[in-house]
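Take a look at the letters that make up each chain.
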Amino acid sequence: GAVVSQHPSRVICKSGTSVKIECRSLDFQATTMFWYRQFPKQSLMLMATSNEGSKATYEQGVEKDKFLINHASLTLSTLTVTSAHPEDSSFYICSARVEQETLAGGPYEQYFGPGTRLTVT
Amino acid sequence: GEDVEQSLFLSVREGDSSVINCTYTDSSSTYLYWYKQEPGAGLQLLTYIFSNMDMKQDQRLTVLLNKKDKHLSLRIADTQTGDSAIYFCAESINSGYALNFGKGTSLLVTP
Chain L
942 GAVVSQHPSR VICKSGTSVK IECRSLDFQA TTMFWYRQFP KQSLMLMATS
992 NEGSKATYEQ GVEKDKFLIN HASLTLSTLT VTSAHPEDSS FYICSARVEQ
1042 ETLAGGPYEQ YFGPGTRLTV T
Chain R
4 GEDVEQSLFL SVREGDSSVI NCTYTDSSST YLYWYKQEPG AGLQLLTYIF
54 SNMDMKQDQR LTVLLNKKDK HLSLRIADTQ TGDSAIYFCA ESINSGYALN
104 FGKGTSLLVT P
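So the sequence lines, in the order shown, correspond to chains L and R. Numbering-wise (the working numbering), the first sequence opens with residue 942 and increments by one. Numbering-wise (the working numbering), the second sequence opens with residue 4 and increments by one.
Derived by calculation from the structure, the hints in this document are not laboratory data. Be aware that a few hints might be false.
[Said to hold, decoys possible] Simulated restraints on C-beta separations:
{"id": "1", "chain 1": "R", "residue 1": "Ser-14", "chain 2": "L", "residue 2": "Gly-994", "range": "42 to 50 Å"}
{"id": "2", "chain 1": "R", "residue 1": "Met-56", "chain 2": "L", "residue 2": "Glu-993", "range": "45 to 53 Å"}
{"id": "3", "chain 1": "R", "residue 1": "Ser-87", "chain 2": "L", "residue 2": "Glu-1000", "range": "39 to 47 Å"}
{"id": "4", "chain 1": "L", "residue 1": "Glu-1040", "chain 2": "R", "residue 2": "Asp-61", "range": "21 to 29 Å"}
{"id": "5", "chain 1": "R", "residue 1": "Leu-111", "chain 2": "L", "residue 2": "Glu-1040", "range": "16 to 24 Å"}
{"id": "6", "chain 1": "L", "residue 1": "Val-944", "chain 2": "R", "residue 2": "Ser-98", "range": "43 to 51 Å"}
{"id": "7", "chain 1": "R", "residue 1": "Thr-113", "chain 2": "L", "residue 2": "Thr-1021", "range": "40 to 48 Å"}
{"id": "8", "chain 1": "L", "residue 1": "Ser-959", "chain 2": "R", "residue 2": "Thr-113", "range": "39 to 47 Å"}
{"id": "9", "chain 1": "R", "residue 1": "Asp-6", "chain 2": "L", "residue 2": "Thr-1023", "range": "44 to 52 Å"}
{"id": "10", "chain 1": "R", "residue 1": "Asp-57", "chain 2": "L", "residue 2": "Ser-959", "range": "43 to 51 Å"}
{"id": "11", "chain 1": "L", "residue 1": "Glu-1000", "chain 2": "R", "residue 2": "Asp-72", "range": "35 to 43 Å"}
{"id": "12", "chain 1": "R", "residue 1": "Arg-16", "chain 2": "L", "residue 2": "Thr-998", "range": "41 to 49 Å"}
{"id": "13", "chain 1": "L", "residue 1": "Cys-954", "chain 2": "R", "residue 2": "Val-22", "range": "24 to 32 Å"}
Since this is a predicted model, take the numbers as computed values, not measurements. C-beta: ideal position from N, C-alpha, C; glycine also.
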């Protein structure tokens, strides 16, 4: 199946600094990528939809100036957590949507990255 | 968003069947999914079911959908230790849309 990578897998940063997380589709192109956030023992919460060549669409309650998303190519989307605070510590997961229906009669499939564990001290 | 609820933990013996249950509230859900999450790996799509279906079977996996009660279940036959993972139920209102996930059910398979 298709592969989505995330880098870094883990990052620790000091409060007030910025951190960039990369999401890459390795063997397919993705016009649309999604960024999710997962707290321990909680579900994945959609943060934003990243669209190649245009502005990201943010979910209600997600600060677009704090979580900067750039989808500059068909294989790369980045999430930058600016001026990070301890409450931003979480597991960030991206998914990339395949641009054609690969599941016969079914939905456009999304492939998920392995996630990035962010710890802000 | 709308709620997707799952029990948090299930323990079964190797060789037994596992049944993981999920309820959702959004009546406009078109597709319902089951994903598997193993440590260090991305979520893996196990199976999905379209909302106008009642059942779908794929090898050891059987998905049952009761649309009236908004209840979805995943049955894993002959559960193996390699099936130990977290299983997420998810729904989307349309193809290609972002997914709305439950909290995940941690399945532990004991020898």
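Provide an ascending list of the numbers of those earlier hints which the structure does not satisfy.
The structure breaks hints 2, 3, 5, 6, 9, 11, 13; every other hint is satisfied.
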